[in-house]
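S.K.: Protein chains in written order, with the numbering used here: chain A, 1 to 489; chain B, 1001 to 1441.
Simulated from the structure, these hints should not be mistaken for lab results.
Cβ coordinates follow ideal geometry from the N, Cα and C atoms, glycine included.
Be aware that a few hints might be false.
Partial selection, computed: residues in chain A whose CB lies under 10 Å from chain B [said to hold, decoys possible]:
{"no.": "1", "residue": "Glu192"}
{"no.": "2", "residue": "Trp453"}
{"no.": "3", "residue": "Gln485"}
Take a look at the letters that make up each chain.
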Amino acid sequence: MRSRVSVAWPRVRDLLQDLIDAADHHAEYADARFVRCRSERLSTRNGGLDQLDLDESEGIGVRVRAGGSWGFAAARGGDRADAEAALSRALAVARAQPAATGTPLAPEPPARGAYESPAERDPFAVPREDKLAVLRAADAGLRTHPGVTLTLARFQARRVDKVFASTEGALCEQRLTECGGGLAAVAVDGDESQIRSFPASHGGHVAQGGYERFLALDLAGNAPRVSEEAATLLHAPACTAGRTTLILTGEQLGLQIHESIGHAVELDRVLGREASYAGTSFVPADGIGSLRVGSGQVNVTADATNPGGLGSYRWDDEGVEGRAVPIVRDGVLAGFLSSRETAAELGLQRSGGCMRADGFARQPIVRMTNVNLEPGAAGTLEELIAGTADGLLIDTNRSWSIDDRRLHFQFEGEAAWEIRDGERRRLMRNPSYAGLTPEFWARCDAVCSASEWGLVSLLDCGKGEPGQVARVSHGSAPARFRGVQVGVA
Amino acid sequence: MLRFAAGRPTQATAIDDVTVELAALRGGHVGRATTNALDDEALAACARRAEAAAEAAAASSDGSYPGFPIPAAAPPAEGAFDADTARLDPELGGGALRQIFAVAADAGVEAHGTWTVAEQERAVATTEGAIGERTTDAYAKVICIAPGGRSGYAAATASAAGGLDAAGLAATAARKASESSLEAEALAGRAARVARGAGRLAELAPGEYPVVMEAHAVGLLIDLLGETALNGLAHAEGRGALADRLGEQVAAPAINLADSPRSRATLPRAFDAEGTPKRPLPLIQDGVATGVAHDRRSAALAGAESTGHALTPGGDPHGPHPTNLVLAGGGARGLDELCAPIERGVYITRLWYANVVRPKETLITAVTRDGTFLIEDGRITRPLRDLRLTDGILRILSRTQALTAEQQLTSDGEFYGRRFAYGVVCPALRASGVRFTGAAG
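Only chain A is shown next, with the shape it has when bound in the complex:
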């Protein structure tokens, strides 16, 4: 669903246009972004208010290509003199570098217009007391088991306004609003400590939308169960080493997609541009149509149009319209996450529209949109469990790590449910598993149906230097993997 609501300011548009006009005389290409970010974070800890942060920032980032090299400079605020100084600085740092031959940019029609992501209820207009009341009720629900020594409940909302202009005639603006939260219970007994989170760890679940996204989480309704599971885990049997069938759902499956497929198909990594930091990829640049990355059950799409996705937008941060790009079809590599420069370098017709920047003070880099595992035909989660003789079910992540080629990974969930004779049985603690990306996805023999498909959010995807944090979503339905190495940590 697209709407067209103007969120920008004539003064900002004029300033960016003037900057671009000035840059046109000195650079082969230039773009400028004005970005205003506003966020609100509330959290409770053991029933008391722990954090109440209200942040705002705005500024302009100018990116130029001069002499074949890129230069980027950022200045806070929207002052004309500061913005012009940023342009001069961007040109200076570009020219100071050793001479380079710039790759042409993949063609793209100039982005024009305005977009605002849907939000039923403005989260910044909701009284703070209302939010606190929801958090306190959830926190109280967590403090129901004696083994639980730390309880946390969180709310967060974020709004980003952007205006973008380029020397190719783009001038567009968009407003993206996000809202969500989560809770966690920590149980401690001697040397043992366990945590359970809902609906996801690492900050909870956030979606593009309004306050309704937060209320829909029903934190208070889930709190007693989460508390009980945390306490139970303290004395639950530990996951033992061996090979077994694994069913992944929710956040854990989303993170599996994110780390082993999403990052692996970022074209800057594939082309070696991130070798010094984020790393490279096991995926070769010429792998489209031939590289098998999973079983025939595995179909992955990068889709910047998913309602509610944190990787959804009308235009990326170099003015390319967001769209759906096939990444894996029937287990075979079908595409990449790309920018105009990397797409052109590979000979692709068009950028995948994946350039995103963390605020005004970072330049756009290749990032994930919503990288989704398409639904299969295995029915509901309960039907999938019923068809599984023995195994483990993991849905919430505790720890993750993968090598710099995105090949060997090791994850540990907060908890696992033992599956025996087609039934979900007891909780097990410390469920770790490991594998090699293509081998692991080749073991996928079932993906649940569309009725089970949903988005999960990851709020802290780090990449780039200076460091950038991206917020992304991944859609999936529960999936089953045979013969996975577990109990590795």
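Dock chain B against chain A, hints included.
M.R.: Just chain B now, with coordinates in the frame of chain A:
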């Protein structure tokens, strides 16, 4: 910040920004608001947001935050600022890249990496007073990739760009490239040699092996120890790895760890985000746990005093973190001496994608990267397929047998968000029985 890949520049970034963080105290609660606008209207609006936040918090419950300290006139941290670095001359970085590219080209390898400098002014003001300091930092990293795909790494962190010796690195590297001892080489020249490697790739099955870790690998472990064991909030809440263990032997007697914020070997800092003056803090002495880091909130919870480790006024939700950790060196004269007693083991240049698995056990997992070798009969013999390390940090420190006398300021340069440069000073070490759970890609 300049980035480069395959011997050509890829990104160049210049940022000028300000953060004003206003913290209001009401009824034991802190409400915070930030802005990057400095005009009167924006600052007043920011103050109103902070006050509103604090009042909303105070209305919800009684808080326990003890209040802000009166900023004391702490002496400036010597060595924290360099006027030449503060000029942020773009030509300095451009020249560094040219030198690195030339060295890599001569060595027949691709150069990838980063070169960056920054200048920061930081001040804490309360209704009772104010304190401020001006700092600079510099960081360079070179990863060379040989035609066969093997990579080598070297990096340096300093308060001043001159500490990177960027202009002289190429000459040093060229001169050292033919020398045999690993520890004698520097940055690009060293990375080029490591990348070339020698012989074929060896593989090791999962299991426990003696290791030699360069300072970069040790620094990452020590930094994660700060998160899992030295965090005063986790400690006070019983989640920390040292809860109920202060005074106990938690590492080998050779392990001496302190936070030394005024040491010129670190990135020196005079005060923390609450205005509490920083001072030396012993953490592990002769292997015995002696303390953890506190901000004012965690200190109040623990019945202790702030040690000057607040990351945010009022206390970061994740707790305080030591930012000037120094692991004392030992008696080993170099990496060769560390390798000498090992019959069959693993040489690790650096660790990558480290993440905490179970904080109370200080259990982490990470993969080796950019220079992993097999040690046989006391010397490095062959490049080794990268490995996944999954082990407890305190367990590794308990099995530490020797440390080099030489220390290095290490950092991953991962200065996320507002630039927050910090690092760990540490030596290389040898430890027995380190656990590897698989081969990496």
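S.K.: Which hint numbers does the structure go against, in order from smallest to largest?
M.R.: 2
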